[in-house]
Amino acid sequence: MMNAVETRTEDPDIPDVLGAEVDSWWKIRLALTRRSFRENWKIFRRNKVGLLGLVIIAFWAIMAAMPTVFFATGFWNPATYDPVTGLELDPPTRTMVMVERITDPNTEIDRRAALLDGRIPDTLQIGDTFDLPLQPAPPDARHWLGTDPLGRDIMSQLMHGARASFFLGILAAVVTVVIGTTIGSMAAYFGGIVDASLMRLADLLIMIPGVALLIVIGGLFTFQLWHLAVVIGILSGFGGTAIVLKSQALAVKVKPFIDAARVAGGSASHIIFYHLIPNVMPLSVLYMMFTVTGAIQSEAVLSFLGILNTDTSWGLMMNLARTQGYLLQVTDYWWLTVPAGLSVTLLSAAFFLVGRGMDEIVNPRLRRR
Amino acid sequence: MSLVKVEGLRRLFPVSPGLFRRKTGFVHAVDDLDFEIGIGESLGLVGESGCGKTTTGRMLVGLETPDQGSIVLGQADGTQMDVVNLRADQRVKFRRQVQMIFQDPYESINPRRTVFETVGEPLLIHGIGDLGTREEQIREMLRKVGLAPPESFMFRYPHELSGGQRQRVAIARALILQPRLVVADEPTSMLDVSIRISIMELMSRLAKQMGVSYLYITHDLAVARYMCDRIAVMYLGKVVEIGETEQLLANPLHPYTQALLSAVPVPDPSLPPPQVQIKGGIGKAVDPAPECRFVDRCPQAADVCRSTPHPPLEDKGGGRLVSCHLVDRSSI
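So the sequences go chain by chain: D and E. Numbering follows numbering that gives the first Met the number 0, with no gaps: position 88 of the first sequence is 87. Numbering follows numbering that gives the first Met the number 0, with no gaps: position 109 of the second sequence is 108.
Hints in this document: simulated from the structure, not taken from any laboratory. It is possible that part of the hints are untrue.
What the hints assert, rightly or not - Take a look, some chain D residues computed to stay more than 12 Å from chain E by CB distance: (1) I27; (2) K41; (3) F58; (4) P77; (5) V96; (6) V215; (7) V253; (8) I270; (9) P281; (10) G305; (11) T309; (12) D310.
Said to hold, decoys possible - Beta-carbon label-pair distances, calculated as ranges: (13) E38/D with A249/E: 49 to 57 Å; (14) S306/E with V253/D: 42 to 50 Å; (15) S196/D with R86/E: 49 to 57 Å; (16) V253/D with G24/E: 53 to 61 Å; (17) G280/E with L200/D: 28 to 36 Å; (18) V14/E with F272/D: 51 to 59 Å; (19) P264/E with F189/D: 24 to 32 Å.
Each residue gets a CB set at the ideal place from its N, CA and C atoms; glycine is no exception.
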């Protein structure tokens, strides 16, 4: 275990750090960060599961960027393809034969027949043929994933929904990590009354059923996407993450280098931010990934229930399918529900998989020997 | 004039076994300790594990608070600083004067900080200099502890260094504030035998250069002999003998010191193994009875040792302080 030989061969990565003067301090930090990133990437790359997650995230990142490209190049016309206000004015049609004219929609059981009836010219007689405009329309060359009941492009909504998911997931994760590491480290460092009160508060937040609370808050206030991100971040950061990170920080706190910092005269905040937090950071990044998963799923649930005040999201797409009565007709109108549902599943799973891949970096014991 | 004067130092740890954590007694980890360390002097604190050496060291650097007793640090201006009850304005001054080198170089350095950050941390905390002057100081200090050229070590992480190099980093960090007292808690015991001597040589050279006093905690008499001007032998929270290193080792007076010396192996396999004079092992001083602490293991124990409390440290002449009823001045 001990290295008896005191001389070492030079690390090939060191020289590019050398010769750097103090005015380029950030260059040294950058070189060091790059080096540790490279080392971690080597470990991460071996894990196929994590790599798969990363590929899926990359795919969605490209998807989220596409609308900008399409609108800028004129490939997509905003009047048709805008995810909220777009409208397909010339939908595909199906030729039908008039069987019966409904005069009083209230007596008719089939409500959809009545809706159709409004689009049929009055002059038609029973037995005539007519072209019925299809809305929602199935996928075709113009609308790769068809249109929704309001005549809007599904593909465009899906791409914009990816943006919302990334924004929400990452913001929630950052809030989680900031709160979780700070609270966890503070509880571990100070102990006693600080620890007890923070941890009881954490227990309380764990007991609260997240989605139910979000529904209540959504009912009381106009709920924006970033509100949701902050609430999820607080719930997860103050709850489970803080407790896990506290136990990690406790293990770090008893290390002699904390005593060494104290002897050097370090204050509580110096020790927490200079020593404790950097040592619990890997674990907290792991929890950050799991938070993203939870946030994306919660958003889907809330939008589906129609509680979230947002323009486009995957949950909202399914909400529309539900309110328009297409939810239970998955085989006939699959493009209304399957793409959105699959997207939620894929992206939230991808962040979870990346988290699992990072687990190996954080927990050296899991590494293959 | 002495740099540090310790008087009647005591630290008790409550023993609270069982479910309800009721205190059933106290371990007398450090019990009524008196010693002094002169300016530039290096005092060795020697004893078996569990005798209170480390607790003493931690109290000296302020990591533990004594239950009783006083630690006084003599200041350059002739005044005295009461280490046990530091005023807020004295705390910073105290931290700059007393530093510590820890036993395990693998655990005493933050694995996520580079050598530059670890060595420079005390400067950062005390707000000494700006980045440029700090860097110059760090380079200088790294050169002093034998990590040269500094450029090839400054931006390494601890896991890229060997055990000996790490301990050099720890020494650099402890000395960069130019302290007057350094508590070294077995700084070489975790190191490979082949590099111990170079670390000890480095520490004593730097002590002379910078005028640092050491409290050198060790269980190894050979190390103490190499490093220390004087040696204090501890047994169960008590100092049983203090004296000049060579005198004490040549003529140990206390039965425990004699036993310790007899237990040092001679590195010659043809000689018979040493005959250790004492039986049993070191216990824990839980609410000790009013008798000599060493009486159960002492080969010379007499009635007076059981009937009277632990004997005080008495000057037996020639700077030798011994706490034993049976040693008198004539034995010097």
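Problem set entry | Satisfaction of the hinted span 53 to 61 Å by the C-beta atoms belonging to V253/D and G24/E | violated, 25 Å
For this session: Take a quick look at P281/D and tell me if its Cβ sits farther than 12 Å from every Cβ on chain E, holds or violated.
Result: violated, 9 Å
Problem set entry | Beta-carbon spacing of S196/D to R86/E - inside the hinted bounds 49 to 57 Å or not | violated, 30 Å
Exercise. Per the hint of 51 to 59 Å, is the separation of the Cβ atoms of V14/E and F272/D within bounds?
Worked result: violated, 36 Å
For this session: Could you let me know if the closest chain E CB is still more than 12 Å away from the CB of P77/D?
Result: holds, 49 Å
Exercise. With d taken as the least Cβ-Cβ distance between T309/D and chain E, does d exceed 12 Å?
Worked result: Given that every Cβ of chain E is farther than 12 Å from that of T309/D, nearest at about 39 Å, it holds.
Exercise. Would K41/D pass as off the interface with chain E, using Cβ distances and a cut of 12 Å?
Worked result: The claim stands: K41/D keeps its Cβ more than 12 Å from every Cβ of chain E (closest is about 15 Å).
Problem set entry | Consistency of the no-contact label for D310/D, given chain E and a CB cut of 12 Å | holds, 42 Å
Exercise. Are P264/E and F189/D spaced within 24 to 32 Å by their CB atoms?
Worked result: 47 Å Cβ-Cβ, so the 24 to 32 Å window is violated.
Exercise. Does I270/D really sit off the interface, with its C-beta more than 12 Å from all C-beta atoms of chain E?
Worked result: I270/D not clear of chain E: closest Cβ-Cβ about 10 Å, inside 12 Å.
Exercise. Measuring from beta carbon to beta carbon, are S306/E and V253/D in 42 to 50 Å?
Worked result: holds, 43 Å
Problem set entry | Status of the stated non-contact between V253/D and chain E (beta carbon gap over 12 Å) | violated, 10 Å
Checked against the numbered hints given earlier, the structure breaks hints 1, 7, 8, 9, 15, 16, 17, 18 and 19 and satisfies all the rest.
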